[in-house]
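Peer 1: Model the full structure from these sequences, guided by the hints.
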Amino acid sequence: MSEELLQQLIHMVAENNRLVKEVQQDVRDFKKEMYDFRDEMYAFREEMYAFREEMYAFREEMYAFREEMYAFRDEMYAFRDEMYEFRDDATRRLDRLERQNKHIDADLDLLHRKVSDHEREINRLKQVGQ
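Here our numbering is used: the first residue of the sequence shown is 1, the next is one more, and so on.
In case anyone wonders, no lab produced these hints; they're calculated from the structure. These numbers come from a predicted model, not from an experiment. Don't be surprised by glycine CBs; every beta carbon is placed ideally from N, CA and C. Each hint should be verified, as a subset may be incorrect.
[To be verified] Listed below are the simulated DSBU-like cross-link pairs for lysine-lysine, each with C-alpha atoms no more than 30 Å apart in a straight line:
1) 31 with 21
2) 32 with 21
3) 114 with 126
4) 102 with 114
[Unchecked claim] Simulated restraints, written as ranges between beta carbons of each label pair:
5) 114 with 86: 26 to 34 Å
6) 94 with 54: 51 to 59 Å
7) 49 with 87: 25 to 33 Å
8) 83 with 61: 26 to 34 Å
Peer 2: As structure tokens, this is what we get:
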């Protein structure tokens, strides 16, 4: 019986060795997968850092664009103010020209009346002189 027990013991040790080798292989495979996963996570982290830097750069560009838009808006307001000033100045000048034109018309009417009066007076004097 000791031989049979020894055979069983040898068989059990061999089975344990086989199981240990399988577990060792499984652990090696698991470690390899974990290292691969870690490397993927590091690569992902680097991509995320790069993306973050791109987003920071984009944000800075947007800030610069916003500042340009504010400057453009201020220029447009200044241009609008110049246009209003030009319109007001043109309106003042046109009003002055209209007043001058009315005075000239009144002066021409007065001159026309005086010329008519003088012509009548001349014709009357001619009539009296004949």
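Peer 1: Verify the CB-CB distance for residue 114 and residue 86 against the hinted window 26 to 34 Å.
Peer 2: violated, 41 Å
Peer 1: Tell me if the beta carbons of residue 83 and residue 61 are separated by a distance inside 26 to 34 Å.
Peer 2: holds, 32 Å
Peer 1: Regarding the pair residue 31 and residue 21, is the alpha-carbon distance no greater than 30 Å?
Peer 2: Given pair residue 31, residue 21 holds - Cα atoms ~15 Å apart, limit 30 Å.
Peer 1: Straight-line Cα separation of residue 114 and residue 126 no greater than 30 Å?
Peer 2: holds, 18 Å
Peer 1: Starting from residue 32, check that the Cα of residue 21 is at most 30 Å away, please.
Peer 2: holds, 16 Å
Peer 1: Honestly, do residue 94 and residue 54 meet the 51 to 59 Å range at C-beta?
Peer 2: For residue 54 against residue 94, whose Cβ atoms are near 58 Å apart, the range 51 to 59 Å holds.
Peer 1: Is the Cα-Cα distance between residue 102 and residue 114 30 Å or less?
Peer 2: holds, 18 Å
Peer 1: If you check the beta carbons of residue 49 and residue 87, does the distance land in 25 to 33 Å?
Peer 2: Check failed, 56 Å falls outside 25 to 33 Å.
Of the numbered hints stated above, those contradicted by the structure are hints 5 and 7, listed in ascending order.
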